[in-house]
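Dock chain E with the ligands against chain W, hints included.
Respectively, the protein sequence lines represent chains W and E.
The opening position of the first sequence corresponds to residue 31 in my numbering, with each subsequent residue numbered one higher.
The opening position of the second sequence corresponds to residue 21 in my numbering, with each subsequent residue numbered one higher.
If you are wondering where the hints come from, they were derived from the structure by calculation, not from laboratory data.
Since the model is a prediction, treat every value here as computed from it, not as a measurement.
One should not assume that every hint holds.
Lysine to any residue pairs mimicking SDA-like chemistry, simulated, CA-CA at most 20 Å apart [said to hold, decoys possible]:
1. W:Lys-143 / E:Arg-157
2. W:Lys-139 / E:Met-156
3. E:Lys-70 / W:Phe-46
4. E:Lys-70 / W:Lys-58
5. W:Lys-139 / E:Leu-161
6. W:Lys-143 / E:Thr-151
7. W:Lys-139 / E:Tyr-158
8. W:Lys-139 / E:Lys-70
9. E:Lys-70 / W:Glu-86
10. W:Lys-104 / E:Thr-151
11. W:Lys-58 / W:Gln-252
12. W:Lys-104 / E:Arg-152
13. W:Lys-139 / E:Arg-152
14. W:Lys-143 / E:Gln-154
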Amino acid sequence: MATNHIVDARAIHKHFGTLHVLKGVDLKVDERELVFIIGPSGSGKSTLLRCLNRLEEPSSGSIVVDGIDMLDAKTDINHARRRIGMVFQSFNLYPHMTALGNVTLALRKVAGKGRAEAEALGRVALERVGLADRAEHTPGQLSGGQQQRVAIARSIALEPRVMLFDEPTSALDPELVGSVLEVMRGLRESGMTMIVVSHEMGFARNAADRVVFMDDGLIVEQGPPAAIFENPTHERTRAFIGQIQRH
Amino acid sequence: MIEAFFNIEIMKAAWPIVLTGLWNTILLSLIVVPLGLLGGLILALLASIKNPLVRWPLMAWVDFFRAFPPLVLLVLLFAGLPFAGLELGGFACVAIAFFLNTGSYYGEIFRAGIDSVPVGQVEAARSTGLTRMQAMRYVVLPQAVRNVMPDLLSNTLEVVKLTSLGSVVAVPELLYEARQAQSITYNPTPIVMAAVIYFLLLWPLVRLLSRLENRALAGRR
Ligand SMILES: Nc1ncnc2c1ncn2[C@@H]1O[C@H](COP(=O)(O)OP(=O)(O)O)[C@@H](O)[C@H]1O
Ligand SMILES: [Mg+2]
Chain W
31 MATNHIVDAR AIHKHFGTLH VLKGVDLKVD ERELVFIIGP SGSGKSTLLR CLNRLEEPSS
91 GSIVVDGIDM LDAKTDINHA RRRIGMVFQS FNLYPHMTAL GNVTLALRKV AGKGRAEAEA
151 LGRVALERVG LADRAEHTPG QLSGGQQQRV AIARSIALEP RVMLFDEPTS ALDPELVGSV
211 LEVMRGLRES GMTMIVVSHE MGFARNAADR VVFMDDGLIV EQGPPAAIFE NPTHERTRAF
271 IGQIQRH
Chain E
21 MIEAFFNIEI MKAAWPIVLT GLWNTILLSL IVVPLGLLGG LILALLASIK NPLVRWPLMA
81 WVDFFRAFPP LVLLVLLFAG LPFAGLELGG FACVAIAFFL NTGSYYGEIF RAGIDSVPVG
141 QVEAARSTGL TRMQAMRYVV LPQAVRNVMP DLLSNTLEVV KLTSLGSVVA VPELLYEARQ
201 AQSITYNPTP IVMAAVIYFL LLWPLVRLLS RLENRALAGR R
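Bound conformation, chain W alone (with noise of 0.2 Å):
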């Protein structure tokens, strides 16, 4: 399945029981690229996130990443989902290990390091998100924007090739949303390829290449920011940016 997309998601379905919640979704992103994908809750956002790493099992679709094809029964899961980061809205940082340690874990475990290489690319992962004076910190002794930071480092230390983040500003304090943000900036600035869920029309604005918006298990439309965000051509994407706007 040749590809020249980094990201090659197509007629991806997803069902709960009964409930039908991808309808067929057709996602392609280019490498460097920042989309950003918008629409209202229950729609489908945090679900298409997750079938691409496979932590949900798409009900059918295809699913290529990296040129490596995700619902192949002889892929290694592991081995791939270390290719794609994610960022939770709720931070999940492991409670009982330190910045550090859980910037390591996967390291050590997955990527085989040794402790003191891991422990200098963990320092180096957090120094990138600016919490180098934080590596002895457990989660408890920061922040929620701190902890978001670590868990982005945690991420960005295996070198993924893709991050996803599924609303990764929503569970913060307003003044704490800007450091994250201009982490994920710096992130987009490197080069890397992310595939993001959130409510920050500010960010997408000035730092999304693309903005897709889903309603109903579906993409209704995409384009580039400026146009989704002023000249949306359907009806349901207007109500819904309107929504957002008057807030």
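Coordinates of chain E with the ligands only, in the frame set by chain W:
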């Protein structure tokens, strides 16, 4: 009264026997507690496989051995197995009975601990490429054990107490030896000694448990 229950002469005479008993109780505990913990961990890990083919037999197993009185189980093994051509000593019977009984209790505790860890923890771990078992070992279990530490300790306390059941099948633990000494000396003093020793052995555990429970309550507030 004092002559009967706190007879110094008898204490001196019975001391070596009672000490042997204490030693065997400790030895027995050091065998059955890890055995129960291991059995419990295996049961809980099997239960985390959400497959009905594994789950149902497992639940039946755990329910069965929790409902079965441990003393009856022990006597059944000790007196019954020889009829099946299998003659195990009292010590082995105690070990097996405890493995089955307390393993089921420990299993339920571990299972509750595993369930108490948010699914996001496993998802984060798996998203970085950890296998199911690695996520369990490095991410879930450490948190699970911490969350149910008071219950684990409380159950361990019960297990140490239950080792006195060994006396029924002639395992020379503390109670058995104390009764031996009593029957030799025609005096209940050795039993009193055993009681005091049980208390001194278990009291630090009880204190530790109280502190853990208080801390757990404080943490929840
Ligand atoms: N594990 C699940 N089991 C059942 N239903 C689910 C599950 N995950 C999500 N859903 C349902 O799928 C729909 C889409 O959810 P989600 O992808 O989280 O939407 P969004 O992220 O756009 O808010 C919702 O109706 C949600 O209730
Ligand atoms: Mg969501």
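How the hints compare with the structure:
no.: 1; hint: W:Lys-143 / E:Arg-157; verdict: holds (18 Å)
no.: 2; hint: W:Lys-139 / E:Met-156; verdict: holds (13 Å)
no.: 3; hint: E:Lys-70 / W:Phe-46; verdict: holds (17 Å)
no.: 4; hint: E:Lys-70 / W:Lys-58; verdict: violated (34 Å)
no.: 5; hint: W:Lys-139 / E:Leu-161; verdict: holds (16 Å)
no.: 6; hint: W:Lys-143 / E:Thr-151; verdict: holds (16 Å)
no.: 7; hint: W:Lys-139 / E:Tyr-158; verdict: holds (9 Å)
no.: 8; hint: W:Lys-139 / E:Lys-70; verdict: violated (25 Å)
no.: 9; hint: E:Lys-70 / W:Glu-86; verdict: holds (16 Å)
no.: 10; hint: W:Lys-104 / E:Thr-151; verdict: holds (16 Å)
no.: 11; hint: W:Lys-58 / W:Gln-252; verdict: holds (12 Å)
no.: 12; hint: W:Lys-104 / E:Arg-152; verdict: holds (17 Å)
no.: 13; hint: W:Lys-139 / E:Arg-152; verdict: holds (12 Å)
no.: 14; hint: W:Lys-143 / E:Gln-154; verdict: holds (15 Å)
In this structure, the hints that do not hold are numbers 4, 8, in rising order.
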